[in-house]
Amino acid sequence: GAGVSQSPSNKVTEKGKDVELRCDPISGHTALYWYRQRLGQGLEFLIYFQGNSAPDKSGLPSDRFSAERTGESVSTLTIQRTQQEDSAVYLCASSLARTGTPWTEAFFGQGTRLTVV
Amino acid sequence: AQSVAQPEDQVNVAEGNPLTVKCTYSVSGNPYLFWYVQYPNRGLQFLLKYITGDNLVKGSYGFEAEFNKSQTSFHLKKPSALVSDSALYFCAVRLHSGNTPLVFGKGTRLSVIA
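As you go down the protein sequences, you meet chains L and G in turn. Heads up: the first sequence runs through residues 1 to 117, numbered per the working numbering. Heads up: the second sequence runs through residues 1001 to 1114, numbered per the working numbering.
FYI, nobody ran anything at the bench for these hints, they're computed from the structure. For each residue, glycine too, the CB sits at the ideal point set by N, CA and C. Worth double-checking, as some hints may not be accurate.
[Claimed, not checked] If you want the footprint, here are the derived chain G segments under chain L, 3+ residues with CB under 8 angstroms:
# : region
1 : 1014-1020
2 : 1065-1076
[Stated by the list, open to error] Just a sample of chain G residues kept apart from chain L, beta carbon distances all over 10 angstroms, derived:
# : residue
3 : 1032
4 : 1051
5 : 1079
6 : 1100
7 : 1114
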């Protein structure tokens, strides 16, 4: 597609349930990022995929969070046993950045607004 | 590790006046620096970036930013603010080398008052 697509746009879930958030990056983009933005807060880095390299998971807040990416395509962020503090907008971004071209900018999706009740 | 600081949570400026949104960075190598803007209920949009060369970078919507290596700063500027510039602005940094993620500051909310 023309841009980064995220689904669902909104998700309301009960505390303790698992959720899956999906990100379709721009075709051909090798780098993919997940960020979390709590209400009124900045962007919190979660995880970064770059081509076939091992993902940088250093931002994942707990072992309830995990993410996968199929090749250089779709990524899913999974949150197990959701807690109320997981409520936030989850943003996905992709870029053409490679090891040799880290200056390319990232393009963001509209985000998934997760509400845990 | 790389990090970005945006020391002001909020910046207020009158329409027509110049604006500055501050950003300082900390990296163990040479940085690539970016500014993004987030309008209400919209996704983040890229404004401009510094790669190398001229320290003054021009971007979208009349914005520019000045890279200052000695002060490790990359402040965003605009000569004459518009009410429509009111938004949340994020500074970000990425290292030249290695597979490192794009790291963002906490954001600065800009309010331009008519």
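Practice prompt. Would you pick out the hints that fail for this structure and give their numbers low to high?
Written response: 1, 2, 3, 4 and 6
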